[in-house]
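**Student:** Read off the chains here:
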Amino acid sequence: MTHRHDMLEKVLDRVGSGVEAEIRLSTGVESLTRFANSFIHQNVSEEVSTMSLRVALDGRVASASGTVTDEETLERLVETAIDAAQRQPVDPDWPGVASPSITPATEHWDAETADAAAVERARKVKEFVDAGPSMEAAGYCSSSSSEVFFVNTRGHFAAGRATTAILDGIHQTGRSAGSGHQTDRALSGIDAHAVGSLAAQRAVDSVETYDIKPGEYEVVLSQECVATIAMFLGAYGFNAKVYDEGMSFVDMDTRQFDESFTMVDDALDGRGLAVPFDSEGTSRRRVELVVGGVTKGLTHDRRTAKKAGVESTGNALPGGDTFGPTATQVFVDQGEQTVDDMIAGVERGLYVATFNYCRVLDPKSLAVTGLTRNGTFVIENGKITGAVNGLRFTQSFVEALGPDRILGLGNDARWADSEFGPGMIHSPSVRLSSWNFTGGTDG
Amino acid sequence: MFEYARAAVEGALAAGATYADARVVIAKAESMEVLNQAVESVGSSESAGIGVRALIGSSWGFYATPSITNTAARVAGERASEIARASAMVPGEPITLADVPVVQASWETPHDEDPFAVPLGEKVDMLIRVSKTMQDVEGIALARAGMAFYDTDKWFVSSQGSEIHQHIVESGGGYDATAIGERETQRRSYPQSFGQYATGGYEMVRLWDYEGNAQRVAEEAIQLLSADVMEERETALILEGSQLALQIHESVGHAIELDRILGWEAAFAGTSHLELEKLQTHKYGSELMNITADATLPGALGSFGYDDEGTPAQRVDIVKNGTWVGVLSGRDSAARAGLPPGGMVRADGYSRLPMVRMTNVGLLPGEGTLDDIIADTDDGVYMATNRSWSIDDKRLNFQFGTEIAWEIKNGRKGRLLKNPTYTGITPVFWGTLDRLAGEEEWVHWGTPNCGKGQPMQVGHTGHSASPARFSNVRVGVRA
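Residue numbers (our numbering), protein chains in the order written: chain A, 317 to 759; chain B, 740 to 1218.
The hints are simulated quantities; they were obtained by calculation from the structure and are not laboratory data. Beta carbons are placed, not taken as given, at the ideal position from N, Cα and C, and that holds for glycine. Be aware that one or more of the hints could be misleading.
[Stated by the list, open to error] To give a feel for the contact side, a few chain A residues facing chain B, derived at Cβ under 10 Å:
no. : residue
1   : Ala-401
2   : Pro-411
3   : Thr-419
4   : Ala-421
5   : Glu-423
6   : Glu-428
7   : Asp-431
8   : Ala-434
9   : Gly-485
10  : Arg-571
11  : Gly-651
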């Protein structure tokens, strides 16, 4: 750590006096083993060493980033940023760099995962593949480590590290497919047989399909579907920049959601997967976004916080000036029901394993179109009685979770995959009173 | 830089690879965003490193390092082979590679004006002026403008003896105005959603009249707030060129990727509705549908000299008179399918494994103009500029939304319509293509944000298109 700290201090020395600067160095190894047609076909590993720098000269701001391994590159990075800043107009909303503070000691780290060899990921893949004999398996197993260091010209220093392991895949019968997913801090925590078995079971259960008419259906949604909904709520709604621009659905302190719905962003939670500070060096904290159905908070970076007259919540993303501060360690409160309990309560509806290709039609209402994939099942009189091919839906995500719309929350919250990727949303399954399907995937 | 790539290849071969190639890549980028006349971000980036690919049995092993030294390169090669060997725990049919010529060559994007040499102040000032023009239109809440430039050098070495240096320059940008109503937002963009990007220098930005269109764009965004909502019905649909380009990208470009057809992307990007046995016979669309994948088009965003396997850029027929005749392929996928390699494999920087990527997948032009098509339409809608897109994993069922539409009645543009959408099934939709504008309105549209692969890679692809008409399309689908 000392070596990295020295390296960052060296960059600060080059910035010179009279300049505000913040520097972030991200290092680590990212490895991913990919399989298709039931064998490993791509197996990759990357050493990461990326530095990003933001400077301000009397409110003139510019940033630069790059892969950094030597002093020459460092020097060029600094010169590029300062040169660009000198040519900018003054930014009236520049909040300045963060003042010194103590970074939480939270660490989501597993040493064995950081050092995991390709053969260990291959072993997980084999367990997944073997769980679906005579089926075609596809997916990936990854392990990654990230060590992040931050310094700025006000003397603030932060460091943190985290590891993540993921197994995500499908089994295919030729006429159907089913999915399984697990994200964990440790590769040893991945139960590849269980993930593979779930995917295989969903594929088998989807072999016989029949058509249903488009329309409104009661639904039970898996953790993956709920993760996509929560991700969109965070990125397009609780993001303070989007809110400030008037593009958000958020109506503060109003009961916009069902009273059973609570959603917080909390990188310091013991189950977390991220480092305890954001790209501006601000410590992460627990942010209540929705509590008991009432909209309670926004995620901020230093810029949006200054405009709103509040403190940053530590949600700045690297290079995220345009996108805005976003919740990336979200926990949706779980309930007490099993998936079977929720299905048992449905007279006629659908169970959906995965959403796919969701796109916002209108940010203000958060109307979204997307498709179901890798497991869409018909529920009749409390039981799954068959499957349908993928369906297209067009649905406001805010309305779907609105007052009295949540009929059940699963007791099965876990890190789930989402449209924006895995490892950002910890969510349960959910039963909703209505979801608007507009057609089938095959016409 | 060739020496480092050679060292990486030698390391991989010494560690047991039956084939290896390596790329040293130095890529720089500059971007700027202006929002409501204030600079929101100005950034530059520079990435440099070596990526080496080793083939053993049924798997590629790939290792990337930012350290460009002989030692680091050799170690990277050795690690790529070690990783490939670990794949043998879950083996498949051995990968073979289609033959390509061994070449020592260099290639550079033709460009007139180095975009990095144009003063930053000049570029930012122009964006601020555009933003001001839009914001001066009463009711505009957000006036956003941006540009980005890419300069990439790559040195490729293969164990079969190819050594290729390429210098690729890409430029582009765009802007949009947003009006916010009671419970809705309306946006208009120029030249297209997400900006228009091309291979070439700053002249590719100057091609477009940024300042001359800003007021119109902003006024249209305001007009949309009070426009009628498009009603749901089946009717003739006329698509503006950039929207048609995205339609081609999603419903043709991805469907013809051979790695998807072979199931190699099944878990994430998906597969394809196309089956290889039906190549040369499957009816993709009407007789007017002629699609090529052409990496040699000057100025188009998917153009280059050689792909990231060292295969020369080429033009390949994909759909001829409505019949599916070609695919996008690389050396491994082409060999598996028994087809010639298409030279369509590229990687997102040094740290990613090269994979099948669209080059310039475009629809060849027809005859006449957009005005002619409108004049020839009794009842229909004209939709322009993408706002949303969604398509299933087989590239069959799609739904697109555009920013703006007009009703067409008796050969004339009529009512402005907001929240326009249309939906369809790929071969059915393309089968209804019945009018196609000519070469004078044929534009090499660029898509700078194509996601594919795990880890995720962002690709830059091109799609040439002129306005076209489709009959009996379901439009106006909403929640």
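**Student:** Now tell me, hint by hint, if it's right for this structure.
**Tutor:** Hint check results:
1. With a least beta-carbon distance of about 8 Å to chain B, the hint placing A:Ala-401 at the interface is held under the 10 Å criterion.
2. Because the beta carbon of A:Pro-411 sits about 14 Å from the nearest beta carbon in chain B, more than 10 Å, this interface hint is broken.
3. Here the hint on A:Thr-419 is broken, as its CB sits about 25 Å from the closest CB of chain B, past 10 Å.
4. A cut of 10 Å between beta carbons decides the hint on A:Ala-421: the least distance to chain B is about 29 Å, and the hint is violated.
5. For the restraint placing A:Glu-423 at the interface with chain B, the shortest Cβ-Cβ distance is roughly 24 Å, beyond the 10 Å limit, so the hint is violated.
6. At about 16 Å, the closest approach between the beta carbon of A:Glu-428 and any beta carbon in chain B exceeds 10 Å, and the interface hint on this residue is violated.
7. Checking A:Asp-431 against chain B: minimum C-beta separation of about 14 Å lies over 10 Å; hint violated.
8. Hint status for A:Ala-434 relative to chain B: holds, with the closest Cβ pair at about 4 Å, below 10 Å.
9. Checking A:Gly-485 against chain B: minimum C-beta separation of about 6 Å stays under 10 Å; hint holds.
10. Look at A:Arg-571: its Cβ only gets to about 18 Å from chain B, farther than 10 Å, so that hint breaks.
11. With 10 Å as the threshold, the beta carbon of A:Gly-651 stays out of range of chain B, its nearest partner Cβ sitting at about 26 Å, so the hint is violated.
In this structure, the earlier hints numbered 2, 3, 4, 5, 6, 7, 10 and 11 are contradicted, and the remaining ones agree with it.
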